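> Dock chain to chain to rebuild the complex, using the hints, since each chain is given by itself in its own frame.
Residues per chain, in single letters:
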Amino acid sequence: MIRVAATLLAFAAIAAGCQTVEPPYRLVSAGSVTVGGLTVTAGDGWNENARTKANFNGPGAVWTRDGMRLDYLIVIPAVADGSGIFKEPNAKVVYPKFHATMLPNEIVTLIEASLTRHVFGEGRSVVASSNLRPAPYGADKGFAFDVSVTVSDGPDRQGVVGGFVADGKLNLVMFLAAVPYYWDKDRERAETVIASARRSSAG
Amino acid sequence: MPAVPPAVIPPGYHPVQARDERGLWLELEDYEKALSRSALRVRDRTLNDYVEGLVCKVARDYCADFRVYVMRNPSFNASMTANGMMQVWTGLLTRVGSEDELATVLGHEIAHYERAHTLAQFRKMKKDMAVGSIFDFGLLMIGVPVPAGQMTAMLNVLAFSRDEEQEADLLGARLMADAGFDPHATYQIWRDLIDEDAHAEIKREAPSPFAKTHPGSEVRAQTLESWVSATYGGAAPARDQTQFKAILAANMDWLMEDQIKTGRYGRTEYLLSRQQALGMAPGAQHFYRAQMLQQRGAPGDDAAAKQEYELAIAEPAAPSRAFRNLGYLLWKANETAAARTQFARYLEVEPSASDRAMIESYMTAEAP
Numbered sequence: 001m002i003r004v005a006a007t008l009l010a011f012a013a014i015a016a017g018c019q020t021v022e023p024p025y026r027l028v029s030a031g032s033v034t035v036g037g038l039t040v041t042a043g044d045g046w047n048e049n050a051r052t053k054a055n056f057n058g059p060g061a062v063w064t065r066d067g068m069r070l071d072y073l074i075v076i077p078a079v080a081d082g083s084g085i086f087k088e089p090n091a092k093v094v095y096p097k098f099h100a101t102m103l104p105n106e107i108v109t110l111i112e113a114s115l116t117r118h119v120f121g122e123g124r125s126v127v128a129s130s131n132l133r134p135a136p137y138g139a140d141k142g143f144a145f146d147v148s149v150t151v152s153d154g155p156d157r158q159g160v161v162g163g164f165v166a167d168g169k170l171n172l173v174m175f176l177a178a179v180p181y182y183w184d185k186d187r188e189r190a191e192t193v194i195a196s197a198r199r200s201s202a203g
Numbered sequence: 001m002p003a004v005p006p007a008v009i010p011p012g013y014h015p016v017q018a019r020d021e022r023g024l025w026l027e028l029e030d031y032e033k034a035l036s037r038s039a040l041r042v043r044d045r046t047l048n049d050y051v052e053g054l055v056c057k058v059a060r061d062y063c064a065d066f067r068v069y070v071m072r073n074p075s076f077n078a079s080m081t082a083n084g085m086m087q088v089w090t091g092l093l094t095r096v097g098s099e100d101e102l103a104t105v106l107g108h109e110i111a112h113y114e115r116a117h118t119l120a121q122f123r124k125m126k127k128d129m130a131v132g133s134i135f136d137f138g139l140l141m142i143g144v145p146v147p148a149g150q151m152t153a154m155l156n157v158l159a160f161s162r163d164e165e166q167e168a169d170l171l172g173a174r175l176m177a178d179a180g181f182d183p184h185a186t187y188q189i190w191r192d193l194i195d196e197d198a199h200a201e202i203k204r205e206a207p208s209p210f211a212k213t214h215p216g217s218e219v220r221a222q223t224l225e226s227w228v229s230a231t232y233g234g235a236a237p238a239r240d241q242t243q244f245k246a247i248l249a250a251n252m253d254w255l256m257e258d259q260i261k262t263g264r265y266g267r268t269e270y271l272l273s274r275q276q277a278l279g280m281a282p283g284a285q286h287f288y289r290a291q292m293l294q295q296r297g298a299p300g301d302d303a304a305a306k307q308e309y310e311l312a313i314a315e316p317a318a319p320s321r322a323f324r325n326l327g328y329l330l331w332k333a334n335e336t337a338a339a340r341t342q343f344a345r346y347l348e349v350e351p352s353a354s355d356r357a358m359i360e361s362y363m364t365a366e367a368p
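Quick mapping for you: the protein sequence lines, in order, are chains A and B.
Just so you know, the first sequence maps onto residues 1 to 203 in this note's numbering.
Just so you know, the second sequence maps onto residues 1 to 368 in this note's numbering.
Keep in mind that the hints were calculated from the coordinates and are not lab data.
The structure displayed is predicted, hence computed values, not measured ones.
Careful: at least some of the hints might be erroneous.
[Unchecked claim] Take a look, some chain A residues computed to stay more than 10 angstroms from chain B by CB distance: (1) Asp66; (2) Ala113; (3) Arg124.
[What the hints assert, rightly or not] Computed cross-link-like contacts, DSS-like style, restricted to lysine-lysine with a CA-CA straight-line distance of at most 27 angstroms: (4) A:Lys169 with B:Lys332; (5) A:Lys169 with A:Lys53; (6) A:Lys141 with B:Lys332; (7) A:Lys97 with B:Lys332; (8) A:Lys97 with A:Lys53; (9) B:Lys57 with B:Lys33.
[Said to hold, decoys possible] With beta-carbon atoms standing in for the labels, derived distance ranges: (10) B:Ala64 with A:Asp44: 55 to 61 angstroms; (11) B:Pro2 with A:Ala50: 56 to 62 angstroms; (12) A:Ser148 with B:Glu218: 29 to 35 angstroms; (13) A:Thr101 with B:Glu315: 23 to 29 angstroms.
C-beta atoms are modelled at their ideal positions from N, C-alpha and C, and glycine is treated no differently.
Chain B with its partners taken away, still in its complex shape (with noise of 0.2 angstroms):
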């Protein structure tokens, strides 16, 4: 059974001796500077204040040492510098089964800081490269002028080892037990992203970054499970997850849609399931199926859609873009008496809708 590694950098850690480790932070100061005034970073206070909540009641004496961004895009990554600037990916919320799941990231990622293992790659890095800064050569693999782009590139080349990893797997999971969070979710959120990808129906997409930094996840999930079962036996008794559902469902909206244009089809339809598990209402549910149907376009998706609107139309929840889009289904199906119904019931409901122009040209235009 794998030993628990200790911390090695304590709460309250400052650089004060090694000049390369102090030059380290100096320049991840600037670039958390430029990623503090991005603009996809998620500026919403509740989500905020609740991812935040989770990373000081997972690192507890660390948690000051912390700044957590969390940043629109619909990959499932989170990442973690030397210096304690933390970055969740919102498709990482899309991602997580429970808020033990995102507690399972969130402590990894703080064991990763706690063991140093950013600095270390980055000596091994310079050593490698032996010329120039490493700065340079994330210039030389973008090409164009984008600084924040420049150091993500180069945060997922600091790769970490397969030993690393573990320890990190094992130090993170120690960590949400600790705090109280399931640790059984610490294996259970690596046969979710197995899932996952067992799902796309591209098999030669790229992993997401995570994935692709994080080798082996089968392997990883028996020995998080065997590690799990014999440090804190069978399963634990299932906690409260309201104010995660709470935050899922007030964010969905965008998520589902930044989800759904990547066009990852099979990735989004598998999410889709894993959210109707999670209490997703039917008929946000059916919506944003049939907007992957429609947007896929393949042989049959124009009828499943149609479908699916029809279902979102009859639930209270569904937004109304349902009854827009369900109208130029009808359209182009040649229904247009039932096609005006639906654009009619939408301006009904959004009577200054942006797009009322094109909507009435519809209602008024002759039958296609």
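Looking at chain A on its own, in the form it has when it is part of the complex (with noise of 0.2 angstroms):
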């Protein structure tokens, strides 16, 4: 159990935010914003926590809109074979990889665990998906998906996520959101923002 406590605190971030320290917000700007190589549109009212930026291999951003135990949607650029969507806490636990021969309902699988393990918790919580369904980003061929997350404690989420895999990466957006008022109220938002991106290098 205390192992479980590290690893979430690791993420607290992400997860519910910090108890006592505010993290530092900025206004995403409306408009096109590239995080590594992924260019997505966001509309008004997103704010970007920095904090959140440790817990990526490489580039990747978290934006709220009404705080981290709220909502938020993780913009996860280029993940590059053999590596897992989040930088792994514990070098004594072997966390879920992206390898390039991936077909969606891999990448499902490979989204549920890593959520589990890396932002709920294992044994606090169930992640579930469904609606795997085809989706373009521009020229890219890919996927979205709906998720619904069961935790122990504190309000469920429901979430919709989207990516495609493009030179052998994978380019994520997933939005999550507490149920159901800020999971009603801001869905469609995400899902702008989600069926926007591109890669910054096909314009």
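So, in structure tokens, the structure goes:
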């Protein structure tokens, strides 16, 4: 349990925010925003939590509208073959890895496992997916699916994940929010951001 | 030969004098309210009735003192608090080889209660800490406001001493044997855990919470084996396991999905072998093994998973997802026509599948 606590501490900024120190937020400018090699179109009202950058192996961003306890949108560009989608906080634990040959159904499993292990806590949550569907991201063929997270304490979350594999690298944008209010309120805005994802080089 | 310790708490016990004990009960009652509302509590009535029935059978006169909470957690663990709140994690159900092994763990936890071990640990910890409440300590460890999680962390900090564990082993063994269960299961379950640890792919991986607070598994197995053999003689006649197996079979799909998602593939492989011995349907065995291989993704795993899915779909009890997953693997192997056949079979069995649009996109897409 202490190991789980340490893992959650490392991800507290994503999972629930820090209890005593307010993380530094920066308003995300509406319009095109590039994170690593991935460009999305942000609408109004998103705030970037700069403290969460350490949770990624490369570039990455976490945005929120009403605070990290209630909603967050995660942008993760260009996850390389053999890497996890989040940085591994514990060298003694094996975390799920992306492989360039993965098909969408396997990426769903990867993300379920990653959210469980890194964000919500094994034994503290059940992450399930549904509605895997094709989704285009500019010229790149990709996928989208819905996520539901049941947690031992606190509100359950609903989410939507979009992504595509290009040049053997996985690009992801996902949004999770507390149900029912925050999910219902911001789902459409988040889906618009996710659908806007493009490889920067592809224009 | 160690003696079986007597119960120190009578049936129907409720603290009236010790202020710290009353305080502990009050705090535990608050925690229990949160636990009873937890979304991870398994609410399936049949499963709960079955586990509660076993608890009552082992506890006998103490039956009314216990509330049992089956919690969805793939680790092997069970716990008991000073006020009779018992948690059974679902990873325990995935691991026990018989109803008697399950009764062993339940008996062990009931014995902790009857010997008042949690209260003793609580007092010791308060003395050691000297300042603040035990609940503040939980808050510091977690750092985020998750009330049930804090208490769970605290309960895990309350590791029992070696003597207390031996007391619970012996008293628990006597309780379950008196209730008609096979006492030889009391050491077999420890041997099973040792066996599972030996199959872990990552040896440095932390042991299960139960094992972590119960050191010296082989020593304990030996002590129990000696005591049981001296007290009850050799092997007992095999008990009927029909209900136990039916309960497992009815819940195995999500139990095994949870286990596979832990990413502990060596342990999962071992547990699948044990379920095979317990009579898991061959179609289900092949399906779960294929899922595990596919998720592991080591060199050669895709080919091995494909083979397992092919074996799964040849059996009558294969989940419909086996057709879909086989289709994806065939697609990856550039066997496009064969992939489309499996996708079509999946949609035939699951016409309103939520991933229908994705599957149809593969059925009409150009070959990779």
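> Hint by hint, note whether the structure agrees.
Status of each hint after checking the structure:
1. Its beta-carbon lying about 17 angstroms from the closest one in chain B, Asp66 (chain A) satisfies the requirement of being farther than 10 angstroms from that chain.
2. Against the 10 angstroms criterion, Ala113 (chain A) falls within the reach of chain B, whose nearest CB is about 5 angstroms from its own CB.
3. Against the 10 angstroms criterion, Arg124 (chain A) falls within the reach of chain B, whose nearest CB is about 6 angstroms from its own CB.
4. At roughly 17 angstroms between alpha-carbon atoms, Lys169 (chain A) and Lys332 (chain B) fall within 27 angstroms of each other, so this suggested pair holds.
5. At roughly 19 angstroms between alpha-carbon atoms, Lys169 (chain A) and Lys53 (chain A) fall within 27 angstroms of each other, so this suggested pair holds.
6. Using a Cα cut-off of 27 angstroms, the hinted pair Lys141 (chain A) and Lys332 (chain B) holds, with the two alpha carbons roughly 16 angstroms apart.
7. Proximity of Lys97 (chain A) to Lys332 (chain B) is assessed by CA-CA distance (about 18 angstroms); at most 27 angstroms being required, the pair is judged to hold.
8. For the given pair, Lys97 (chain A) sits about 19 angstroms from Lys53 (chain A) by alpha-carbon distance, which is consistent with the 27 angstroms threshold.
9. At roughly 25 angstroms between alpha-carbon atoms, Lys57 (chain B) and Lys33 (chain B) fall within 27 angstroms of each other, so this suggested pair holds.
10. Our hint of 55 to 61 angstroms for Ala64 (chain B) and Asp44 (chain A) holds, since their Cβ atoms are close to 59 angstroms apart.
11. Distance hint check for Pro2 (chain B) and Ala50 (chain A): the Cβ-Cβ separation is about 59 angstroms, which falls inside the suggested range of 56 to 62 angstroms.
12. At about 42 angstroms, the CB distance of Ser148 (chain A) to Glu218 (chain B) disagrees with the hint of 29 to 35 angstroms.
13. Between Thr101 (chain A) and Glu315 (chain B) the beta carbons are some 28 angstroms apart, a value that agrees with the proposed interval 23 to 29 angstroms.
Going down the numbered hints, you'll see the structure goes against 2, 3 and 12, while the others check out.
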